[in-house]
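*Asks:* Starting from the known structure of chain A, fit chain B onto it as the hints suggest.
2 protein chains.
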Amino acid sequence: MELSKRQETIIEIVKKNGPITGEQIAEKLNLTRATLRPDLAILTMAGLLDARPRVGYFYSGKSTDRVLAEKITGIKVGDVKSVPIVVPESCTVYDAVVTMFIEDVGTLYVVREGGLLEGVVSRKDLLKTTLGGHDINKLPVGVIMTRMPNVHFALENDSVWLAAYKLLTHEVDSLPVVKPVPEVNEKQFEVVGRLSKTNVTRIFVELGEGS
Amino acid sequence: MELSKRQETIIEIVKKNGPITGEQIAEKLNLTRATLRPDLAILTMAGLLDARPRVGYFYSGKSTDRVLAEKITGIKVGDVKSVPIVVPESCTVYDAVVTMFIEDVGTLYVVREGGLLEGVVSRKDLLKTTLGGHDINKLPVGVIMTRMPNVHFALENDSVWLAAYKLLTHEVDSLPVVKPVPEVNEKQFEVVGRLSKTNVTRIFVELGEGS
Numbered sequence: 001m002e003l004s005k006r007q008e009t010i011i012e013i014v015k016k017n018g019p020i021t022g023e024q025i026a027e028k029l030n031l032t033r034a035t036l037r038p039d040l041a042i043l044t045m046a047g048l049l050d051a052r053p054r055v056g057y058f059y060s061g062k063s064t065d066r067v068l069a070e071k072i073t074g075i076k077v078g079d080v081k082s083v084p085i086v087v088p089e090s091c092t093v094y095d096a097v098v099t100m101f102i103e104d105v106g107t108l109y110v111v112r113e114g115g116l117l118e119g120v121v122s123r124k125d126l127l128k129t130t131l132g133g134h135d136i137n138k139l140p141v142g143v144i145m146t147r148m149p150n151v152h153f154a155l156e157n158d159s160v161w162l163a164a165y166k167l168l169t170h171e172v173d174s175l176p177v178v179k180p181v182p183e184v185n186e187k188q189f190e191v192v193g194r195l196s197k198t199n200v201t202r203i204f205v206e207l208g209e210g211s
Numbered sequence: 001m002e003l004s005k006r007q008e009t010i011i012e013i014v015k016k017n018g019p020i021t022g023e024q025i026a027e028k029l030n031l032t033r034a035t036l037r038p039d040l041a042i043l044t045m046a047g048l049l050d051a052r053p054r055v056g057y058f059y060s061g062k063s064t065d066r067v068l069a070e071k072i073t074g075i076k077v078g079d080v081k082s083v084p085i086v087v088p089e090s091c092t093v094y095d096a097v098v099t100m101f102i103e104d105v106g107t108l109y110v111v112r113e114g115g116l117l118e119g120v121v122s123r124k125d126l127l128k129t130t131l132g133g134h135d136i137n138k139l140p141v142g143v144i145m146t147r148m149p150n151v152h153f154a155l156e157n158d159s160v161w162l163a164a165y166k167l168l169t170h171e172v173d174s175l176p177v178v179k180p181v182p183e184v185n186e187k188q189f190e191v192v193g194r195l196s197k198t199n200v201t202r203i204f205v206e207l208g209e210g211s
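These protein sequence lines map, in sequence, to chains A and B.
Each residue of the first sequence is one higher than the one before, starting from 1 at the first, in full-length UniProt numbering.
Each residue of the second sequence is one higher than the one before, starting from 1 at the first, in full-length UniProt numbering.
Please note that a few of the clues may not be correct.
Just so you know, same-sequence chains aren't split out, so a pair can sit in one copy or run between any two.
With a Cα cut of at most 27 Å, we get these calculated BS3-like pairs of lysine-lysine [said to hold, decoys possible]: (1) K166 / K15; (2) K124 / K138; (3) K76 / K166; (4) K71 / K15; (5) K138 / K187; (6) K5 / K15.
These are calculated hints, taken from the structure and not from any lab test.
One chain only, chain A, in its complex shape (with noise of 0.2 Å):
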């Protein structure tokens, strides 16, 4: 949306000045009430300005970038996560990396019984171990695992912006999706989901195609 220059000039005076009556920015702008109408009418509908009544207008801080932010920012977790692969801790190395391969998935998720969050492993730290001279068939990967509480999770309500800023900030290419379990534990965590690089690629070729 491309505003006029007027519609930008009234813009700024309802920025400084609101709320202020529509007869106020006429003033300002030495026009008449009728000829600001229409630019007072489509700053308003395009959700530029808010207007009240016997109050004036004011400014709503949106702009097209806040619009696309608003819908970016409500997507959710829980209706875009993958299925988790999960392994028990006792589970080797070896076994590990094959079940990666066989899932295709870069992070197992590593539970106790009833799926309770114990660790994740990734493809990075299996490969590390793989590389340290260790016996992987005995080694069990709850060894080399990145355990609670030090695990970066994300709630299926939350919204998959958050997720995605905790992909970047704490460096891991995928967050378990967890449910709280409180009637167990205050700190246990069951995983019923997967939050990747790779949803969020989907997301962006997904809102890229419009509709």
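*Replies:* Then chain B, alone, in the frame of chain A:
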């Protein structure tokens, strides 16, 4: 942006009959051209209708989703690409793994003199090899890499959207960003960057921050 009932009716009329003049729309609604002027101005400003002098109004087909899609497809690979990490074909698998850890990347690009792309080796390729009982201190990456012309790549002027689409459909974590070198060979490409799911995730996070 919320439309009034009359504005929605106008869009329907233009969708069905466009290009159509303001007079003709007014006639269909039993209103005067003057009454419609603000509505038509709003719809045109918002990018929902396009107006062409002496032709009339027609439907632009744009919506918030469309605007978002245009924004996304407008981002170029060249503007967001990362630094490529390259090794020669003679590099051993062991040294490749070490390079991957030192540089903290998921994919290495194998090049010959002049930075010309020969192949690609991923964390997954290396993990498979370390498990295979090879002497990784002697085995060169050239033996295990995916070799040109089977490598998927991106050009600097491609949209990130297209690159993300390739990452998904070819199930790879990154694409080498390349430049044709017609003066050397029609089928040769110089590696000038790296475009991964991490880059896409970063753009997603930035779009979600608005501005």
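*Asks:* Going through the numbered hints above, which ones does this structure break? Give me the numbers in ascending order.
*Replies:* 1 and 5
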